[in-house]
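Going down the list, the protein sequences come from chains A and B.
In terms of the working numbering, the first sequence has 277 at position 277, counting the first letter as 1, and numbering is strictly consecutive.
In terms of the working numbering, the second sequence has 359 at position 359, counting the first letter as 1, and numbering is strictly consecutive.
Accuracy of the hints is not assured; some may be wrong.
If chains are identical, the list can't say which one is meant, so a pair holds when it fits in one copy or spans any two.
Here are the simulated DSS-like cross-link-like pairs (lysine-lysine), alpha carbons at most 27 Å apart as the crow flies [what the hints assert, rightly or not]:
hint : residue 1 : residue 2
1    : K9        : K251
2    : K171      : K239
3    : K9        : K89
4    : K388      : K239
5    : K251      : K8
For the record, the hints were derived by calculation from the structure and aren't laboratory data.
2 protein chains.
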Amino acid sequence: MSIQNQQKKLTIGLFGFGVVGESLYRVLQETPTLQASIKKVCIKHPEKKRSAPENLFTTDPEVLLSDSSINVIVELIDDADAAYYIVSKALSERKAVVSANKKLIAGHLEELIALQKHFDVPFLYESACCASIPVIRNLEEYYDNDLLQGISGIVNGSTNYILTKIFDEGKSYDDALLQAQYEGFAESDPSLDVEGVDAVNKLTILLAHAYGILAFPSDIVHTGIQNLHSADAVYAKEKGYQIKLLAQAKKLVDGRISAFVLPQFVKGDSQFRNVQNEYNGVTIESSLADRQFFYGKGAGGYPTASAVLSDLSALRYDYRYEYKKLRYGLPAELTDEVYLRVYLSFDKLFQVQNERFERIEEWSSNERRCHVTGVIKFAQLLDTSWWKKPNTSLILLPDAFVTDVTETARLAEEELAFV
Amino acid sequence: MSIQNQQKKLTIGLFGFGVVGESLYRVLQETPTLQASIKKVCIKHPEKKRSAPENLFTTDPEVLLSDSSINVIVELIDDADAAYYIVSKALSERKAVVSANKKLIAGHLEELIALQKHFDVPFLYESACCASIPVIRNLEEYYDNDLLQGISGIVNGSTNYILTKIFDEGKSYDDALLQAQYEGFAESDPSLDVEGVDAVNKLTILLAHAYGILAFPSDIVHTGIQNLHSADAVYAKEKGYQIKLLAQAKKLVDGRISAFVLPQFVKGDSQFRNVQNEYNGVTIESSLADRQFFYGKGAGGYPTASAVLSDLSALRYDYRYEYKKLRYGLPAELTDEVYLRVYLSFDKLFQVQNERFERIEEWSSNERRCHVTGVIKFAQLLDTSWWKKPNTSLILLPDAFVTDVTETARLAEEELAFV
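Using the sequences and the hints, build the whole thing.
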C-alpha cells in the first residue's frame, strides 16, 4: 500500500433501509470527517415511514446503478437473488461495492472475485462475517502466510443467543428462538440460522481468505442446533461443558484442510465459554503465536453497520482484498480424511449404527435417551441420513481432532474392530 | 492497496539471535513459501554457541547495513540506543525495517515516522505491542476512522503473569517476579515491566496509531504494580474484583483523549478477567460496534517471532503504516481534564491528603492499612509525589471514568466541598 495524500470522497448509493441501513445513514450524517455521503437509497416498500427526507428514496435500482456520480454501492438487502443482480451490475459499472450479504457472497464467491478482477474495482464484505469483528481483514492482511494452523469460531449470533438462553437461563428452544427474533438477532427465515446455513456461508467466506479455498456451502458438512435434545444439556452439565455451534477449518499434517460446522462441547478453559448471547468469537491458531481470540458483537444493526463503515473507510484509501492465498500460493485443498471424537445421542427406539464408529469409548442408555461417544471417520458424516435428523444429535467432543499420528494409523489398522 | 502480481523476495539482515531471533531463523528455514531468507546475523557475543552455521554470524553491524543485497533489517536486540543507530541507519539506506523494540520506537516515534517518509521505506513493529495480537495493524487499517471511542488493554505480559501468580496462586511478589524471569517473560531489567515503563511505551505507540497523537512516554501518567499491597488484594477479593495493570486511552465528550497506565480493579464480567499469566488482551471500543476484544500471547519468544513474521510477510506486498490519523485528519489532543474514581491505600502513619479528592465515597482504617475511595481530578495525578511511592497504592475502580456530564459539572461546582 503506497502513501496517498488524497482521500477519496465517497458518494454512496444504498440498497436497503432496515436497521443497518438506517444507522449507517445516521452515522454518516453525524461524522462529516468520513467524507462519505448517501446520495440515494433504494427501498422495496415506499409506503413505510422513514426517518430521512422523502427525496432520498427510490424504488428503482437503476436510478442508483446508472448514476455516474455514485462511486460506491452499499448493498444491505435480505434477498440474495436481488442482491446478486445489484452487486454484479454495480461491479460491472466499475462502482466499488460493500455488502453484508453472506448468502450472496458464499454462493457466488468465485464469480464475484473474477468480476472484481475484471473490472478492477473493490468489493468489501467484512460485515458478512461476525459483523463487528474484523476477521476477514485480519486473515487477508495479517495471517497472510502459510503458518495459519486453524480458525474456529462462533459465527452465528442468533444460535449462540438461543443456546445461551436455553443452557444458562433454562428457557425452552421455542421461547429462546422467539426472543432472538424479537431482539433482531435472527434472520427473517430462522431456519437459516438454526440449521447452520448462515454459519456455513460464513465458513465458506473464511475459507477463501484463510486458505484460498473456494468451496460451495452445500458441499461442506454442516448442521445447526435444530436437533439438540435436553438430554444433551444434561450430559454437558455433568461434564462441565457448554454446547456451542462452531464453524471450523483446521490444517492437517499433510497441509490439507478439514472444515465443517457442527455443535461442540466446550470446556471451562475455552475462550468460547465467555461468548454469550449474540456475541461472536473467533480463535485463530498459527504455528508460532499459539491461539489468538477475537471477540465482539456478531449480530444486530449497529455492529453490522460498524463493519460496513470500516469498509467504507477503507475504500477512501482504495483498499481491496487481494485474495493472496488464492492468487500467489498454492491454494489449500479440503479433505475428508480425518478422525473426530464425537458424541451421538438418540431415542431409545433408534438403533445406533455401531459400524459408523472406529472406536466406541462411552455408552449410556436409559428410558428417555441413549448416547454413545467415540471416534469416527469424518467421511461417515458425508452421508447425513443417519445422523442429521430429528431425535438424533451429533456433537463434537472437546479436542475433537484425533491428531496423534500413531493413533490415527492404529485406528486405520483397527478399522471396524469394534463393530 | 493495488493488486500486485509479484511478491517481493526478502533478503534479511538480522540483529540479535536471542529466543525471538533464533525461532525466526528456524521458521524461515522451514517455510520456503515465505520467500524470505536471513543472509547475515549480527550478534554481540560471538563466544556463545549458536544453533546455526558459523559463517552466518558477524559482530560488525556495518556488514549488514552496507550490504546492498539485504533489503530488510530485522532488529531484535535489547539495547535501545544501539537499536536506534541500527534502525535509523537502515532506513536511511532505504532498507525496510522490522523492529520489536518498543522503547526505541516510543522514544523516537516522531523522528522515525519522518525517516520513513523521507526515505520512502516501510518500518513495521507489530511485535512491539502485545506481541502476537495484531493491534497496531487493526488500529491502522480497520479502526481508521474517528469513531474509535477508546482502547484499553493488558499490554505487559510480565506484570500480568506476576499478578496472576500473586492473586490466583498466592505467591509472594518476589517469587512471582523470579518465576516470570525464569519463564522469559520479564525484560532483562524487570523494573521496566513492574513500574509500568514497558506498558507506557506501548501506550505511546498505540496513541499514534489510534488517534494520531505523538507523545513522550515520560509525559504520560503511569505506574506499575510495584507499590501494590497485600491489603489491596484482600479488598479486591471482598468486592469480587481482580487487579490488572491497564494501559488506556479514552475519547472524551469534547473529542480530546485521556491516556494513562494504572492498575485497575476489574469486575467479574470484564473480558480482562480471562486474561491470565503472560497473555495480553486489548479492548477496542467504537461508536457502533460496542467493545471488541483481542486476546493472545503477549510475551515470549515465539509469539513475538510470529508478529515479526507477519510484518515480514506484509513487506512482501510493500505494506507500510500510513499513520492516517496523523496525516489526513486533525490529530486528537491529550487532556488532563477528566475525573476518575480511584481507590487509594496507604500505611496508617501516612495521612491521606483529603484535599486531593473531589469526593470521598468510602473510607476504612485499621492497624495494618487504610484505604479511601472517591473521585479525583486526573490533574492531581500529574504531581506523583503524593501517590506514586512505596506504601501507597493507587488503583482505579471499575468504570473509573466519571462520564456523566451532569455529575462532572456538579463535581466541578462542589470542588473542595469535601475537604
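- Under a CA distance limit of 27 Å, which applies to K9 and K251: within one copy, between copies, both, or neither? This pair counts as between: shortest inter-copy Cα distance 25 Å, intra-copy 41 Å.
- Is it within, between, both, or neither for K9 and K89, if the alpha carbons may be no more than 27 Å apart? within (22 Å within a copy, 38 Å between copies)
- Query: Is it within, between, both or neither when you check K171 against K239 at 27 Å Cα-Cα?
  - Reply: within (21 Å within a copy, 30 Å between copies)
- Message: As a check of your reading, is K251 near K8 (CA-CA no more than 27 Å) within one copy, between copies, both or neither?
- Response: between (39 Å within a copy, 26 Å between copies)
- At most 27 Å between C-alpha atoms: does K388 with K239 qualify within a copy, between copies, both, or neither? Only inside one copy: K388 and K239 sit 24 Å apart there, 47 Å across copies, limit 27 Å.
Going down the numbered hints, you'll see the structure goes against none, and every one checks out.
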